[in-house]
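J.: So the chains spell out like this:
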Amino acid sequence: AQSVTQLGSHVSVSEGALVLLRCNYSSSVPPYLFWYVQYPNQGLQLLLKYTTGATLVKGINGFEAEFKKSETSFHLTKPSAHMSDAAEYFCAVSDESGSQGNLIFGKGTKLSVKP
Amino acid sequence: DGGITQSPKYLFRKEGQNVTLSCEQNLNHDAMYWYRQDPGQGLRLIYYSQIVNDFQKGDIAEGYSVSREKKESFPLTVTSAQKNPTAFYLCASSSRADEQFFGPGTRLTVL
Numbered sequence: 001a002q003s004v005t006q007l008g009s010h011v012s013v014s015e016g017a018l019v020l021l022r023c024n025y026s027s028s029v030p031p032y033l034f035w036y037v038q039y040p041n042q043g044l045q046l047l048l049k050y051t052t053g054a055t056l057v058k059g060i061n062g063f064e065a066e067f068k069k070s071e072t073s074f075h076l077t078k079p080s081a082h083m084s085d086a087a088e089y090f091c092a093v094s095d096e097s098g099s100q101g102n103l104i105f106g107k108g109t110k111l112s113v114k115p
Numbered sequence: 116d117g118g119i120t121q122s123p124k125y126l127f128r129k130e131g132q133n134v135t136l137s138c139e140q141n142l143n144h145d146a147m148y149w150y151r152q153d154p155g156q157g158l159r160l161i162y163y164s165q166i167v168n169d170f171q172k173g174d175i176a177e178g179y180s181v182s183r184e185k186k187e188s189f190p191l192t193v194t195s196a197q198k199n200p201t202a203f204y205l206c207a208s209s210s211r212a213d214e215q216f217f218g219p220g221t222r223l224t225v226l
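Protein chains in written order, with the working numbering: chain B, 1 to 115; chain Y, 116 to 226.
Only chain B is shown next, with the shape it has when bound in the complex:
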């Protein structure tokens, strides 16, 4: 069965510093991979996704992620953190069991940005 592991439930960075949120997955088939962002008391918004093709994926708000099959990773990065990036981030992988469209979510990483 697939799983998603997000290393670090809380990450804190200074404004202007690099943001790195880690995500590792397990899947026996080529996965679809997603990063979502959630602001307090709101729904999830898609940041970026990898389905096929180029392994470096660019998303909204200056975020990007790289699919590394050999490392089963899909880490999220942003070169320079902004105060507005403070939120919770979720990595997700497509469900390979045949239920098309179902996603398996990690437990989330809460990002804090210090001034």
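Source of the hints: derived by calculation from the structure; they are not laboratory data.
Heads up, a few of these hints could be off.
Below, simulated SDA-like cross-link-like pairs (lysine to any residue); rule was C-alpha separation at most 25 Å, straight line [stated by the list, open to error]:
id: 1; chain 1: B; residue 1: Lys114; chain 2: Y; residue 2: Pro154
id: 2; chain 1: Y; residue 1: Lys186; chain 2: B; residue 2: Leu46
id: 3; chain 1: B; residue 1: Lys107; chain 2: Y; residue 2: Asn168
id: 4; chain 1: B; residue 1: Lys69; chain 2: B; residue 2: Leu20
id: 5; chain 1: B; residue 1: Lys49; chain 2: Y; residue 2: Lys129
id: 6; chain 1: Y; residue 1: Lys172; chain 2: Y; residue 2: Asn141
id: 7; chain 1: B; residue 1: Lys114; chain 2: B; residue 2: Thr51
id: 8; chain 1: Y; residue 1: Lys129; chain 2: B; residue 2: Asn41
id: 9; chain 1: Y; residue 1: Lys185; chain 2: Y; residue 2: Glu214
id: 10; chain 1: Y; residue 1: Lys186; chain 2: Y; residue 2: Pro154
Starting from the known structure of chain B, arrange chain Y on it as the hints suggest.
T.: Below, chain Y without anything else, positioned relative to chain B:
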């Protein structure tokens, strides 16, 4: 504007009561989902429906029920059998295997 609406935003329930959370989408998506979110536990799938008049249990279906009579609507009922219903509930929809769109959520509190 196309999107997903959930109502109410906040809901309070007395112990022993059933309550129904609304989810409507105008994205013409076939599939719809209900998740429960608790602090530090990510999103857990309650029920999903990939077509009208059909739905399947997710990982934590006990104490919940759903219906899918219309493509646009997927209401979730939290029954009195759900022992710990206080949580944030999220509805989502998708048209294919590559993305889910989420509603703004309903926060349910048991008094």
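J.: Okay, which hints does this one fail, numbers in order?
T.: 3, 5, 7, 10
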